[in-house]
Structure formats: C-alpha cells, structure tokens
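Start from the sequences, fold in the hints, and give me the full structure.
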Amino acid sequence: MRKRWLTSKLVFTIGTLVATNVVFLSVVSVYSLRDPILIGVLYACAQSIIILVVVMQYFSVKQYIDRIVTTLQSRLSEPFLSDVCGKRTSSSPDPNNQIDLLIDRYHQQQEDMIRRSERIDSVNLIAATINRTLDLQVILDTSLSEILRIMNWDMGAIYIYDDRTQIMNMVSYQGLTEDAVRNSLTYRLGEGMAGRSAKSRQIMVTEDITNSPEYEPAACADLPRTQVTVPLTNVAGSLLGILQIGSSNLRSINEPELNLLSTVAHQVALAIDKAQLYQAANQHAQDLEKIVEARTAELAEAIDKLSVALEKAQEAEKVKSLLISTVSHELRTPLATIKGNTSLLIEHHDKLPSDVLVQHLADIEEETDKLTDLISNLLEMSRIEAGSLHIQREPINVIDVLDSTLGAARLRHPQATLNLITPRKLPMVYADPRRIEQIVANLVDNACKYAPPQEPVTIQAEAADDEIKVSVRDSGRGVAPEHQEKIFDRFYQVTDPASSGDTGRHGIGLGLAICRGLVEAHEGRIWVESEPGKGATFAFTLPVATRERLSSGGHNG
Amino acid sequence: MDETTILIVDDEPKILRFVDTSLRLSGYEILTAETGQIALDIYEHDHPDLIILDLGLPDIDGLVVLEKIRQYSTVPVIILTARDDEKDKVAGLELGADDYLTKPFGTQELKARIEAVLRRVRWSPQPSDLAEFVMLGLQVDFRRRRVTVNGEEVHLTPTEYGLLRVLIQNSGHVLSHGDLLSRVWGDEYRNDLAILRVNISRLRQKLEEDPREPRFIVTVPGVGYTLPSE
Chain V
493 MRKRWLTSKL
503 VFTIGTLVAT
513 NVVFLSVVSV
523 YSLRDPILIG
533 VLYACAQSII
543 ILVVVMQYFS
553 VKQYIDRIVT
563 TLQSRLSEPF
573 LSDVCGKRTS
583 SSPDPNNQID
593 LLIDRYHQQQ
603 EDMIRRSERI
613 DSVNLIAATI
623 NRTLDLQVIL
633 DTSLSEILRI
643 MNWDMGAIYI
653 YDDRTQIMNM
663 VSYQGLTEDA
673 VRNSLTYRLG
683 EGMAGRSAKS
693 RQIMVTEDIT
703 NSPEYEPAAC
713 ADLPRTQVTV
723 PLTNVAGSLL
733 GILQIGSSNL
743 RSINEPELNL
753 LSTVAHQVAL
763 AIDKAQLYQA
773 ANQHAQDLEK
783 IVEARTAELA
793 EAIDKLSVAL
803 EKAQEAEKVK
813 SLLISTVSHE
823 LRTPLATIKG
833 NTSLLIEHHD
843 KLPSDVLVQH
853 LADIEEETDK
863 LTDLISNLLE
873 MSRIEAGSLH
883 IQREPINVID
893 VLDSTLGAAR
903 LRHPQATLNL
913 ITPRKLPMVY
923 ADPRRIEQIV
933 ANLVDNACKY
943 APPQEPVTIQ
953 AEAADDEIKV
963 SVRDSGRGVA
973 PEHQEKIFDR
983 FYQVTDPASS
993 GDTGRHGIGL
1003 GLAICRGLVE
1013 AHEGRIWVES
1023 EPGKGATFAF
1033 TLPVATRERL
1043 SSGGHNG
Chain W
27 MDETTILIVD
37 DEPKILRFVD
47 TSLRLSGYEI
57 LTAETGQIAL
67 DIYEHDHPDL
77 IILDLGLPDI
87 DGLVVLEKIR
97 QYSTVPVIIL
107 TARDDEKDKV
117 AGLELGADDY
127 LTKPFGTQEL
137 KARIEAVLRR
147 VRWSPQPSDL
157 AEFVMLGLQV
167 DFRRRRVTVN
177 GEEVHLTPTE
187 YGLLRVLIQN
197 SGHVLSHGDL
207 LSRVWGDEYR
217 NDLAILRVNI
227 SRLRQKLEED
237 PREPRFIVTV
247 PGVGYTLPSE
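Chains as they are written, first to last, in the numbering used here: chain V, 493 to 1049; chain W, 27 to 256.
Each hint should be verified, as a subset may be incorrect.
Unchecked claim - Estimated spans, in silico, between C-beta atoms of each pair: (1) V:E1023 / W:N217: 47 to 57 Å; (2) V:E947 / W:Q97: 38 to 48 Å; (3) V:E877 / W:R145: 45 to 55 Å; (4) W:Q97 / V:D895: 54 to 64 Å; (5) W:Q63 / V:E1012: 37 to 47 Å; (6) V:E947 / W:L219: 51 to 61 Å; (7) V:P948 / W:E29: 50 to 60 Å.
Honestly, the hints are just simulated from the structure, not real lab data. Quick reminder that beta carbons are idealized off the backbone N, C-alpha and C, glycines included.
So this is what it looks like as structure tokens:
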C-alpha cells in the first residue's frame, strides 16, 4: 500500500512534467507563435508549474519518511529491533522494503510481548499452584496443562523417578491416547529418549520422530511427531523425573520457548522435591507414630501381663486370706463350744445335775475330736500342696483294701447299708494301701452323710484298660453340674439352703480336695457323675501295676 | 426386777446348749433359735429383752436378721461372730448392734456384756438430770425418752440414746474416747474405738442435717467428741 502510494507520487510528478511540456509545445505550434518573448514567457510558466509540482511531491514524501523514521527511532532502544534493522540494512539496501520489514517486525514484536506476558502469567500460575497446595498431583496436572496451553503443544507427560528401581513412572499426562499412555507408562533410566535425557540431565529435542532410528510406525502411531524432554532435578542435581511435551504435528522450538520450558520444569522439579520432602517428613511422622503405637502396645501388653500377675497375686492373696478366715472360722466354732462349756463348768459345776454335766463334757470331747480331725486335714492338705505327701507304694490288691475299708466304715455307720461289688480277680495296682483306704473311707463317709438312711451305698471296683476304677454310688440329692468340677477344690462349699438341718453343717471343704491330691499322687483321676436329685457316683482310677512302674518307683517312698 | 428374756440365735446346738445353761443359772429366761427365720418368728411372738445373734446362720445372714429387727425395734442386740474380720463387726454395729462377741468366749464375758447392754437400756432418770434439752432443731425429752429433730421423732437404740445423753450432760466440754466408752458402755470397753465411732456415725446420720458437717456431735481430732453449748 505504501509502495503504491509512493509510485503514484512518482507517476504524478513525471506525468505533470510531460503534460506541461506537451501543453507548451502544442500552444506554440497551434498558434504558430513566433514572438520569442511570448514563447519565452510561456516556457517559463510551464517550467514553473513542473518545478512547483516536483517540490510539492518532494515535501510530501519527505514528511512521510521523517514520520516513520521518528517512530522507529523511538523504538530503536530495543536490541532485537536494532539488530533486525542492522541485518536488514546490510542485506537489503532498499529503504522502502526495509521500512515494510521494520513495520512487520514491530507488529510481530508486539505479539511477542503479549505472548511473553502470557508466559509470565503462566509461570506465575504454576508457581502459585505450587505454593497453594501440597498435593503433588494438582501441581503436576496444573503445570502440565499450563505449559501446553501457553506453548500451544497438544501432548505432554510428567514422570517421577524412583531411585530404588531406577524407573521413571508417569504421574501426569495430557493429550495422550489410552494406547500412548499404556505404551509409555514407565521408562528405565537410559532407555529411550526420555531415559537418556534423564540420565544425562540434558534437554533433548526430537524434531521429527519419523527420522529417529528407533522409529517404528506401528508402535509409535499415537506418539507425538515432535517431542521435547526436560530432565527435572533438585538443587543438589539429583534426578527427580522428566517433563515431556509433544506435538502431533511437526513443530520447531526456539530458544525462548526452551527457556520457558526450562523455567516451568524447574518449578515442577521444586514442587516434586518439596512434595517428596513433605512425604518423607510425613512418612517419618507416620513411622514415629507407628513406633509410638508399637511401644504403647508393648506397654499395654506389659501392663496386661503385670495386671494378670497382680490378679494372680491378688487371687493367691485372696485364697490365702480365704484359707485363713475359713480355718479361723472352723477352728473358732469348736473352740467356742469348748471354751464356753469349760467356763460354764468352772463357774457352775457344783450347781449342775450330773446328766447335764455329762452332756456338757461330751460336747467338749466331741468338739475336741472335731478340732483334731480338722488339724490333721489341714496338715494333709498342706503336705499335698507342698508335694511332700508321704506315700509308701507297693503292689496291692484293691479288693483286699476295699474289704478292710468297708469293715471299718460299717462300724462308723452302723445304720447304713454298704454294698461291695467287685470281680473275682483284679490286676494289682501299685499304690499306698493306707492312702487308698483313706480315699475310699472319705467317699463312703460322704455318701453315708447324704444318702437316705434306708438306701444302700454301693462301692464297686472294676478293671478298665490298664486302670482300676473304684466308684462309690449313693442315692442322695446329687451334685449340681456347676459344682461337679469345683467340689474337689479345697475349701469349696456347696451353698445350698436345702442342705441345712441336722447334717447341714458343712465341713471345712478339705475332704474331697485331699482325695484328689491323693489320687493324683497315684497318677489317677477322680471325678463325680451326678444328676441332681438322683444321687451321685464318685469315682477314681488307679493305674495297673506294670513292670516299668514297679522298677521306676521301686525305691522311693 | 422383771424376768429378763434373752433370745439366743446360733446354728450350732452345742453353743446354744452351754449359753442356755449358763444364762439360766444367772437368772435369765432363755429362748433359742437355730435359724434366722425361727429367730424372727420368736422375736415377733415373744418380744425378748435382748438378742444374742450369731452372724453365720445357715438360712438368712445374721446381718439381714439384724436389719429386719432394726426396722421396727431398738431391742438391744449382741452379735456373735466366729470371724476375726473387722468388717463383720463394723457392719453389725452399723446396722445397729449394741455390742459384739467373738468366738470363742467365756460365759462370764458373755454375762458381763449382757449386763452392760441392759444397763444402758435401763438408764433411769436421775434427779440431777435435765427434764428437757433443746438446741437448734434438736429436742430431747429425758422423762419420756423421746428425741425429735425439727419436730420429727427419731428412734434411737439404747446405746445411741445413752451416748447422746452423756454428750448433752457434758455439753460444752470435750469428752475423750475413753470417757465416752466407759460412761456409755462400761470400763471394759474403754479401748473399743470401733464401737464408739460406729455409734457416733449412726447418731449423726439420725440427728444431723448434714452428717459430714455435724452441728451437734463435733469431732475433736485425736481427743474425742463434744456437743457445743450454744
């Protein structure tokens, strides 16, 4: 446009020159002017018009050029432009062309300025995102989409390097097809362009992937044509990952774009570093927490153990105090009768009729016997618990022992019916006959105590495998299931209001405990089978005497 | 003196037998019971003047028997226990037993306790006694042996009444533990702090608005108690 304008000025000037001379010559010839003065005046007029037009055109163009030069001069401070001006000056001496180029450049530069400002905005946005959130994923996604948007590339991905496995894992991507993502999820250090870039810590640009020696059209269908890989490193220079951008069309990348990419890559690297530090700190905190938890658990366990131990100790203490209070109670009751009667007799013996006197003396005697039994049982129990029970084992025939035991029991319980059922012959057992007698006597005494007077108590012995089983069956009120196990514990009392009455006074709760101790000292078992109301069968076993048992136990007491 | 009837409750027949023989020879009328239920029945029917109650009964716990009796009666009760346990003793006293005896015991000791308790019950007014005592909301009519707090009658056991009476007679003075014990229970109780504390506590429960901040029976730490003069 400016060219045409200048051309028109030139044509107009020449046209004016030609036309003025043509008009002068025509006037001279048509009017056959001979007067040299008139011709001279006319010539002078024509030349004056020409000079006027030329001068006018000169000033018009000069003014235009001046204006442009002034405008350009005001921008000359920018090096790029002055550089371009210099280049243009040397390569193209045509001033008109030069001006056009300058103007083009000027407009381009203005666009660059806008783009540069946009880029700064982008970098600022990325930086702001990094500062705003600790969520690495958000940072990576934002950074990637911003860099692609501002550079106007259509694909990109960020990888984070795992130092342990030496593999880079894709953590963010944009513009990639599913296949492309699948094919480029990981890169080994040194593998492919991404791997090489990472390993060398160098920016690598693949201008056209189709020129690459590794290019395989089938495998690279969805991959970008042009690709730039920027390694991400922290301040110390350790590899954190890579940032890749790509374009499906052939693209070139200039220096400022590379600079921008590096700046963004630096920001992303900072973010990854920060996030990894944060993660490490977090991990550390979690580890600490776990350690604290583990310690707490250990402590809790220790406390549990301690409290179990304490409970056991308290239990033992409770048993001990129960023992003391039970024993004290059981000793005090007969003592009360003895002391009360004695003090009564001391005070009033002379006033009492002889039958009353005898009754009180008999009470004293009975309670003294009770005390003696009680003390014997306590001693026996303590021997069982201390493991210092004196057992004199020998090969014995249980039938003989039962015979003699029942003989004595019939004297103690003249009103009771005691039946003995045994086979003709039984294997010998290796046991202390006095202890077996003690066990059976205790069971029979109990049975007689609970069995109705007219009902028989049956004592039976039988062989079972390599054991002899002895049982004592009564038809008394039986033992409730909840007591069947505990009834053999020392001081265990079945509290049952129905049991009160003339035989209601319980013993101290040692008889069955002693029986169990004695049976177990013979490697046997003792138990009760009973249905409440239908009587009870107390049974125990004794192992049959064998050669080994005889030889192994032959010398101890 | 009218014949005094004593109910003896114990599940051990031999103990009943010697207590019965011994107390009859001392001139008491004796009733015996082997279970708590029988004891309650006899008490309701015969209204004995004193009960000797064993705590280890086979059917109803002796403490429960005592509690039931105390719901409608201030009859003197001496509890018998075969346990050394302080807890039983204190529980019995807290429920209103007047005294306790630990097995084994001699017949003379038993008689001394019975007499001491009966003495407290039969505390007859003396000419020097006040006819009436009034302080804040508390009113004691010594002639009618009637105690009211804010107009409502309060039932005191003979022991509690005896204790309050001694405190009132000495109002404004501090009475040592030993003084109180020997004056109310007898010299043989001089060192029995537990029985004093329990009865002070029971008395406060019955008389004081806030037993933790007593106005009538004030503790003098390490010494004894006092009923402040107004």
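Exercise for the section: Against the earlier hints, flag every one the structure doesn't satisfy and list their numbers going up. Expected result: none
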